[in-house]
Amino acid sequence: MSPEARGTGALSLAALLGLWAVAALLTGDAMILPAPWELVAPLLQEVRSGELPRHLGATLGRVIAAFLLAMSIGVALGLVMGRSARADRWLDPWLVVFLNLPALVVIVLCYLWIGLTEVAAILAVSLNKIPNVATVLREGARALSPDLDAMARVYAMPARTRLRHVILPQLAPYIAGAARSGVALIWKIVLVVEFLGRSNGIGFQIHMYFQLFDVAMVLVYALSFIAVMLVVEWRILQPWERRVRRWRAA
Amino acid sequence: MAHPATLGAARAALAGGMTEVAIRAKAFGGTPVLGPVAFSIAAGDVLAILGPSGIGKSTLLRIVAGIDRDFEGRVTRPDRLAMVFQEPVLLPWRSALDNLRLVHPGLSQSAARAALDRVGLGDKGAAFPGQLSLGQQRRLALARAFAGRPELLILDEPFVSLDPETAETMLMLTESLIAEARPATLLVTHAEAEAARLATRILRLTGRPATLAEDAAPGQGGADDKGEGHGRA
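Going down the list, the sequences are from chains A and B. Quick note on numbering that gives the first Met the number 0: the first sequence kicks off at 0 and runs consecutively. Quick note on numbering that gives the first Met the number 0: the second sequence kicks off at 0 and runs consecutively.
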């Protein structure tokens, strides 16, 4: 990202903060909507007590686990469905069913069947995301170049080389798209999972402060994770995308 | 084509690194495209197949190359195969050097550099294909084909859509590379001049479904003389 683009991004975030400050001033009740600066003290208090890092870590761990699981299964499934018309005919109805199964139903069923465990939580989140990834990657697999396929075949490229250097680079934009929308969706579902059946994580904390009607703490916890995701976006996702797209710019 | 004879020939062909093609029929969704087509190519031979566009030349090549396996008949081909496509068909996300080394894992760094040098791309090893001109991309595809020391080389209209000067450079390069490596070569083109220059034998694809006809016009000897002349030059 150019310095100019980064500047625009910062400015746009500042505008959002400004909007929030104006809304808080108009509301005039810190119980309902505290102003941005009124969150600094509770934030520092939570960081110092170690509560925020602990719950943030728990949520981040679940997000990463569910993300990795959903991406690897979703990519594999999408690749198979995009490459084989037969597999697509068989699996497409499943995809439609799971795409339209509400996240809440999957979560409740996983907890009921598996119990209130970490496995159930992560599985429930992954199951919600897999059909999404598979749908995007199926489009990617359908768009794979038949010419490069023929080339790899004629020169008898080994399967691993072919996957890594011929197929995955073609799928990279689709994987990046699925990953970006995936992280956002997964973190939201992780919160619901924590809300309903875990004893740590941001969702658990929000549940607690919801019952105490503490809007400031709900915002502190929600915003701290959003801040983490912004850092991930700017420090990891975007640099990775730039590296993968280097050949286009060259 | 009696069956026992074909089988015997195929076995002999394998021993000598020969390419043996005996297609009985090929159809796309009920529409016959190729009728009986049979030929063999020995190492060092260059067989050109001429024909108008749409006759089924590319279909034939794809069958010989093993890309299309849905046909009646049999094809015996050596292990080391190379193909130059109508388009360069490079990996745009990998450097020129990696385009050689990923396709030929046994190729050393220095051998890959030498192969690039041979086609005049010695200083382009780090460039992505998108940074090369079309002519350079074509030469990179040629380098890739020869870097694997192919026993069978398949050329699918390799000089199409190039300006005359670039086409001439490519043609001379191909001629000398074939003379050095002496693979069995199958060239498909609709340009008579290309065929006459490169080929030791010319066949023509005609009719519908298409079959082969021996070409009468350019004599076999003539084509040979020309090829050797260039080899000496």
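Note that these hints are calculated values from the structure, not bench results. Since this is a predicted model, take the numbers as computed values, not measurements. Warning: the hint list may mix true and false statements.
Unchecked claim - Here are some chain B residues pointing at chain A (derived, C-beta under 7 angstroms):
| # | residue |
| --- | --- |
| 1 | L80 |
| 2 | W92 |
| 3 | L101 |
| 4 | F127 |
| 5 | L131 |
| 6 | L133 |
To be verified - Take a look, some chain B residues computed to stay more than 10 angstroms from chain A by CB distance:
| # | residue |
| --- | --- |
| 7 | G53 |
| 8 | G65 |
| 9 | F70 |
| 10 | A81 |
| 11 | F84 |
| 12 | D97 |
| 13 | H103 |
| 14 | D122 |
| 15 | G129 |
| 16 | R143 |
| 17 | G147 |
| 18 | V159 |
| 19 | S160 |
| 20 | S175 |
| 21 | A180 |
| 22 | T210 |
As the list claims (entries may be wrong) - Now the stretches of chain A that chain B is said to cover, found in silico as 3 or more residues with beta-carbon under 8 angstroms:
| # | stretch |
| --- | --- |
| 23 | 138-149 |
| 24 | 155-161 |
No residue lacks a Cβ here, since even glycine has one placed at the ideal position from N, Cα and C.
We went through each hint and held it up to the structure:
The restraint placing L80/B at the interface with chain A holds, with a minimum CB-CB distance near 5 angstroms, inside the 7 angstroms limit. Against a cut-off of 7 angstroms between C-beta atoms, the interface hint on W92/B holds, since the closest Cβ of chain A lies about 4 angstroms away. The criterion of a C-beta within 7 angstroms of any C-beta in chain A is met by L101/B, whose closest approach is roughly 5 angstroms, and the hint holds. Because the closest C-beta pair between F127/B and chain A is about 4 angstroms apart, less than 7 angstroms, the hint holds.
Interface hint status for L131/B: violated, as the beta-carbon distance to the closest one in chain A is roughly 11 angstroms, over 7 angstroms. Below 7 angstroms, beta-carbon pairs count as interface contacts, and L133/B has none with chain A, the closest being about 15 angstroms; its hint is therefore violated. Once the 10 angstroms rule is applied to beta carbons, G53/B is consistent with being away from chain A; the minimum gap is 19 angstroms. G65/B, annotated as away from the interface, has a beta carbon of chain A within 10 angstroms; the closest lies near 7 angstroms.
Once the 10 angstroms rule is applied to beta carbons, F70/B is consistent with being away from chain A; the minimum gap is 15 angstroms. With 10 angstroms as the threshold on Cβ separation, the claim that A81/B sits away from chain A is violated: the shortest Cβ distance comes to roughly 7 angstroms. A Cβ of chain A approaches the Cβ of F84/B within 10 angstroms, the least distance being about 7 angstroms, so the stated non-interface status is violated. For D97/B, the shortest C-beta to C-beta distance to chain A comes to about 8 angstroms, within the 10 angstroms cut-off, and the non-interface label is violated.
For H103/B, the shortest C-beta to C-beta distance to chain A comes to about 7 angstroms, within the 10 angstroms cut-off, and the non-interface label is violated. Listed as outside the interface, D122/B is consistent with that label: its C-beta sits roughly 16 angstroms from the nearest C-beta of chain A, beyond the 10 angstroms cut-off. Residue-level check failed: G129/B sits 6 angstroms from the nearest beta carbon of chain A, not beyond 10 angstroms. For R143/B, the requirement that its beta carbon stay farther than 10 angstroms from each beta carbon of chain A is not met, with the minimum near 8 angstroms.
The non-interface label for G147/B is inconsistent with chain A: the shortest C-beta to C-beta separation is roughly 7 angstroms, within 10 angstroms. No beta-carbon of chain A comes within 10 angstroms of the beta-carbon of V159/B; the shortest separation is about 15 angstroms. Listed as outside the interface, S160/B is consistent with that label: its C-beta sits roughly 15 angstroms from the nearest C-beta of chain A, beyond the 10 angstroms cut-off. At roughly 22 angstroms from the closest C-beta of chain A, the C-beta of S175/B stays outside 10 angstroms, upholding its exclusion from the interface.
Against chain A, the non-interface label of A180/B holds: every CB pair exceeds 10 angstroms, the least being about 16 angstroms. The non-interface label for T210/B is consistent with chain A: the shortest C-beta to C-beta separation is roughly 25 angstroms, beyond 10 angstroms. Counting residues of the stretch 138-149 of chain A whose CB lies closer than 8 angstroms to any CB of chain B gives 3, so the stated coverage by that chain holds, three being the minimum. Chain B is given as covering the stretch 155-161 of chain A, and this holds because 4 residues of the stretch bring a CB closer than 8 angstroms to a CB of that chain, at least three being needed.
Taken one by one, the earlier hints fail for this structure at numbers 5, 6, 8, 10, 11, 12, 13, 15, 16, 17, listed in ascending order.
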